[in-house]
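Protein chains in written order, with our numbering: chain U, 1 to 93; chain S, 1 to 181.
Hints listed in this document are in silico derivations from the structure and should not be mistaken for laboratory results.
Pair ranges (Cβ atoms, derived): (1) T87/S x V26/U: 43 to 51 Å; (2) R40/U x S28/S: 23 to 31 Å; (3) A115/S x V31/U: 45 to 53 Å; (4) I67/S x G50/U: 23 to 31 Å.
To give an idea of the interface, some chain U residues facing chain S are shown, with a C-beta separation under 10 Å as derived from the structure: (5) G19; (6) E21; (7) D41; (8) I42; (9) F82; (10) H83; (11) P84; (12) M86.
No experiment lies behind these values; they were computed from the predicted model shown. Ideal placement from N, C-alpha and C gives every residue a C-beta, glycine not left out.
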Amino acid sequence: MLLTGLTAPPKTHIVEIRGMEFHPAVLTVAVGDSIVWINRDIVPHTATAGGATNWDTGQLVQGQMGRYVARRASVARYVCTFHPTMHGKVIIH
Amino acid sequence: MLAIAVTLAITAVLQAQSPVSAPAPDLSDPEVAHVAVTANNIDIDMAKLVPTHTRNAAVRQFATTMITDHTAVNAQAAALTTRLGVTPKDNAVSQSLQSDAAQARSSLEPLHGRAFDRGYIDREVAYHQAVLDAIDKLLIPTTENAELRKLLVAVRPAVAAHLEHAKHVRRQLGAPARTGK
Numbered sequence: 001m002l003l004t005g006l007t008a009p010p011k012t013h014i015v016e017i018r019g020m021e022f023h024p025a026v027l028t029v030a031v032g033d034s035i036v037w038i039n040r041d042i043v044p045h046t047a048t049a050g051g052a053t054n055w056d057t058g059q060l061v062q063g064q065m066g067r068y069v070a071r072r073a074s075v076a077r078y079v080c081t082f083h084p085t086m087h088g089k090v091i092i093h
Numbered sequence: 001m002l003a004i005a006v007t008l009a010i011t012a013v014l015q016a017q018s019p020v021s022a023p024a025p026d027l028s029d030p031e032v033a034h035v036a037v038t039a040n041n042i043d044i045d046m047a048k049l050v051p052t053h054t055r056n057a058a059v060r061q062f063a064t065t066m067i068t069d070h071t072a073v074n075a076q077a078a079a080l081t082t083r084l085g086v087t088p089k090d091n092a093v094s095q096s097l098q099s100d101a102a103q104a105r106s107s108l109e110p111l112h113g114r115a116f117d118r119g120y121i122d123r124e125v126a127y128h129q130a131v132l133d134a135i136d137k138l139l140i141p142t143t144e145n146a147e148l149r150k151l152l153v154a155v156r157p158a159v160a161a162h163l164e165h166a167k168h169v170r171r172q173l174g175a176p177a178r179t180g181k
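One chain only, chain S, in its complex shape:
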């Protein structure tokens, strides 16, 4: 369930309940699984835009890693849910993620080269930060099944590494001479 990329949608959910009183949204385990798989698929789909939008090697390598890692996590999540007999269930958080991703995709699709690099990587930084927050504040606390929770815990370091990787690429993009497509 890796890059549980709970984007701005989840960030909004989390922020809306920040002051002490409001509890986290009460997701069932099938809903948590659905959010996880959705978040991974969103990041995979976004990364698939990269080869046709930039020649920047660092951005392309980052995107390749996103596809590889999120695919591996989804395979693990699928194996686990099958073994547990859990059918991922669509829910409001997943729908918000998909809606947010569709918007982000429409903003990125017309861009190429350096403009695309900047837009894509900025979004990846925000997305993975939101995912980390979601894992810590929403998904792990909500999950009841120990094995599903263990998977979320195992995925967290990869999300943190993706965030640092994205920030590293963003710093590289700041160099004046770098060119894209």
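Just chain U, with the same shape it has in the complex:
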């Protein structure tokens, strides 16, 4: 069959930051997919992960977006560095 061996094209997943929370708070993606955080709040936020994944969108003001491309399988927990009560998780497989 012609499709044999083809992999699914990478997807873009959106995480909205609103009401001082990440929506969705837990996201499952595939290696190669992109995750885009959009800040809908009045106050600035970040989406920042340490450890092996180690990404940081930097400061996102209202309406601004930050992107991360998932490079390898892992489970990444991330926070907003300005607001320690905000947590999210990305499962990359």
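Start from chain U and add chain S according to the hints.
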């Protein structure tokens, strides 16, 4: 209008009318806007004390966030009032907030290091709790303009997050080995 920090002043106003009968103070929309901006400015000014009074990283980071967030909310409030043609109007609640803030500032200014950390964070916990109460019981119910009310509603989660952040820092300060300036 974020951290509408209606401090003890607003708490006092709210408590004074608690038993059923007394209605909330009747603030006009320009007065609500003034209270909001005042509350934000008070918390910004208090946070500006921090860099010269402590080296505690958690306290300094909290203060930086207060300045950033309250400044962002005030910018939004200013844009909204300009668009609506509303001029914020001074009022008794704003004046009480300013008076209370002046007292708090004089108590904190002579302190440094751990004593400052404790005093500042305790006040931030009380302040943000009072602000939340004020948003819920005074400002949102009083506001007539839908867009101004929407802004207050949008700001509320940030105030709640600031309160939890302040409580988190206060728990950290409880650790015996932590040092300040």
